[in-house]
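Engineer: Take a look at the letters that make up each chain.
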Amino acid sequence: MNPYKILDIDYCATKREIIQAAARAMRERKYSGREVAVAQKELLNPITKAAHDFLQFIDVKPLQEQLVLTWPNDQDKRTASEPSATPPEADEGACLSRLTVFDEDS
Amino acid sequence: MAKKKKAKSLESILAGAEKLFHRGNYPLAKREFEKALRLIGPSGPEAGRKVEGEGLAEKREEIATKIEICSKEAERLKAEDLVRRAKKYAGKRNLQGALRCYEQAYKITGEDWIQEKMGRLQGALRRRDTVKSARDAEAGGEFEKAAALYEQAFITQKREDLLAKRACCLVKAKRYEEAISVFKDLVVSDHGAIYNYGFALARVGRYYECLKVWDNIASQANGFLEQKKAVRSLLAADLYKRFGRGQDLARIYEEGQYLLNVTDRQSPDQDIDSLVEYCRYAWIEELWEEERYETIWELSVHLPARMEPARHRPPDTDSGLPAGARRPARHCLVCRHCTCPASVAVAGGWQAGEAGGPALLALCAKTSFKLAEISTEHLADLSMFWLTAVYGEIFGRFSSAMEESDNVRRQLIRMAEDLITRHANSGDGAAEKALTYWNIEKKLVEDLSALVGARQDFAHLVCTPRFAARFGKSAKVLRLIRENREFFENTEHYLATGSFYSPAWQSLYDIENGEYDKALGGLASILSETKDMDEFADYSVKRAKFAYGLYCLEQGENRPGRYLEAAAGLFDIAPRYEKKLIEKAMDADEPDDLRRYEEVLSDLHKKRPSKPMKAALSLVMSRRAIEMYNQRLINPKTLETISRKALILDPENELARGNLNDVQLDLQIQALGKALDKHKMNKACKIAAESEYQEVPDAFFEFMGRNVETLEEMDMEDEEKILLLKELFGWCARVDESHSILYDIDRMLRQLQS
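Line order of the protein sequences matches chains A and B. Residue numbering for the first sequence follows our numbering, beginning at 12 and increasing consecutively. Residue numbering for the second sequence follows our numbering, beginning at 3 and increasing consecutively.
None of these hints come from the bench; they were simulated from the model. Please read these numbers as outputs of a predicted model, since none were measured by experiment. Careful: at least some of the hints might be erroneous.
[Said to hold, decoys possible] To be clear about the criterion: a stretch of chain B counts as covered by chain A if any three or more of its residues have a C-beta under 8 Å from a C-beta of chain A, and this derived list gives those stretches:
#1 587-593
#2 707-719
[To be verified] List time: in silico DSS-like cross-link candidates among lysine-lysine, alpha-carbon distance up to 30 Å:
#3 B:Lys61 to B:Lys37
#4 B:Lys37 to A:Lys52
#5 B:Lys435 to B:Lys582
#6 B:Lys61 to B:Lys21
#7 B:Lys89 to B:Lys37
#8 B:Lys243 to A:Lys72
Cβ atoms here follow ideal geometry from the backbone N, Cα and C, with glycine treated the same way.
Working from the sequences, and respecting the hints, build out all of it.
Structural biologist: If you want it as structure tokens, here you go:
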């Protein structure tokens, strides 16, 4: 059970917003009254709310921010949080010439 | 002189003609009919002849009709022959010859189908010309013209190879988009077409697709390999370009991953590892929103194992450390390349470079939880990751208040435990196994957490045994356990904890899971690879052998003792296993089971004569002896001997004591009866007088009483009765001088003497 999904709120929601969301969910009847009541109860309790905050959300930004990106032809290393303003353009495929080594096969 | 041939008569000519006509030989029949017609024609020799039965004119008309029929039939036969020849030519791909025959046949018959055939042959001849023209144009470098001609030929011939040729010509004409649109619907197998398709894709910037197409060419031609390398570089650059634009990160990940898989990792211009990792995380974030946990699992579960140092970026700063101190070299948990201090910050209490950074660990834990909500497939993973994540690091983030953090941690553990238990209660075998794992790991991680306490430098070692084994942390955990032996309640607690982090961990899991065969087999193979048998390995072997021996005992298998011979050592470390064996022995009630337990306990008693072992052996011996005695397998004497032995082992064995009493009484009663039967009164008196059991003199006096009553009623001289009564009095008095029977005998004597 994901109480945040049932109440359609994010983890920053205040107690007041949780209660309002529960009332709204009751009216919408997308979930049973029991499910809504349990969801509200879980989020109003700081312990169970903290547990759900852990379980229901992921944050990949700390992982991404540690990465060091090296732009091609530009050996500067930058972390992903400070990318190059204008990424260097890639060499276009025009530099490629058609090979004839396989022409006999066709 | 030659004899002049006699002219045939009209009748004979007509008869011959008719014969030929009926046989279907129309050309000859026609000739004969014409011959006959000439005879009866207006200028013929028989023009004036009267034909029998009909007029000459009618005869002429009839013959003329026949001639006409013969002409038509002969033409038809000729046409048929031409059609046959045409088909033969067509079969030999001689389209011109076939067309000529059909034309002649058509002239004869004028039939529509022949005309249609002629049309088709004419079309084929034209097409043949088109393909030839296309080839000529291609050879002459007129690729666009050749492409058009191949297309034209395809319209009429519907052959895919013509489309492939067209597409190749389009590539040569540098009309790449058109070529791709043709190639994409074709299944091309020749290297030329595959190369051209890939080349067209590369020229329009579709480098990933180009490389995938070129993967179907196994050629090692230098030029081709160089070009592939160039396209890989273009793809790498293109990935960065698209990343800069914020385009589809999932695709960038997929293409980047492909590039990493096929690229020489030493190549400096292919440094896209970080980019791929970045996009992986971005994709994972999207997948989490879409609740596609299975895909997240595939993307993330192998990550910790891949975290190994590769390239390092020197730390930018040593801020936060004491003056003069330098931060020890650590590798980023995330990118695998750097030693950025930030990564250490992210890692929290985790030692950088260790398998499984907290963020990834949390991701695996959460994903396995979500998957476990759906099915039982990931329950074992949930146990491994969840406990490690929750105990190792996570709870510290929730709150600065320790008590509240503990509450959150307990709540998280309860949530996972409820989930596993719910699955296990539904009777699912995998879930039951996962619950066993959970219970083992929960206790172990609790212990490690308590051992580490607030020492954050060791927090990364708080993990489940499976996690430790999988991500190479077992040795460090074992060192931590060894160095903190005093933390453990007793030797068994220390060894049991350590053995789960030793190489024998899998066997211990198997034991807990009731898979004793597997446990013993696994242990044997591990030990064969281990040079030094340390204390944990030794403990594991003892545990495994004991568990297997107990299992054999319960299963009624023979010679379980060979597995339990080392159990004495285990009992010294862990008396609870001795208790467990004793409990099992106490539960046995069948003679065979009792025999096996007695044998095992007897062997163990020789090595470890502990009080509980003595008591257990004593009791099992006594119980088995009774069972055998009741089944008349042993005699009272043997029962007495066994009972005496049992009492020596455990003087407090009330069962043995009772056995001994009962059997001794029985034996004395038997001896008394035997002595009385043989009239060995001195012996009988001695047995009755010396017996510690009241039942023996009682039996003696009962016998004497019966004799006195019998004597009273016997028809015998008084003197004789008096003599016998005096003898009885004497025997009874030897046993008990105050017994009431003596008064009865005395009264009888007085009566007789008076």
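Engineer: Hint by hint, say whether it matches the structure.
Structural biologist: Hints and how they fare:
With 0 residues carrying a beta carbon less than 8 Å from a beta carbon of chain A, the region 587-593 of chain B misses the three-residue requirement, and the given coverage is violated. With 0 residues carrying a beta carbon less than 8 Å from a beta carbon of chain A, the region 707-719 of chain B misses the three-residue requirement, and the given coverage is violated. For the suggested pair Lys61 of chain B and Lys37 of chain B, the alpha carbons sit about 13 Å apart, so the restraint of at most 30 Å is met. Our distance criterion of 30 Å between C-alpha atoms is broken by Lys37 of chain B and Lys52 of chain A, whose separation comes to about 123 Å.
Only pairs whose Cα atoms come within 30 Å are accepted, and Lys435 of chain B paired with Lys582 of chain B is accepted, the gap being roughly 22 Å. Restraint check for Lys61 of chain B and Lys21 of chain B: the C-alpha separation of about 17 Å stays at or below 30 Å, so the hint holds. Between Lys89 of chain B and Lys37 of chain B the CA atoms are separated by roughly 37 Å; this puts the pair beyond 30 Å, and the hint is violated. Restraint check: the Cα-Cα separation between Lys243 of chain B and Lys72 of chain A comes to about 21 Å, which is no more than 30 Å; the hinted pair holds.
In the structure shown, a violation is registered for the earlier hints numbered 1, 2, 4, 7, in ascending order.
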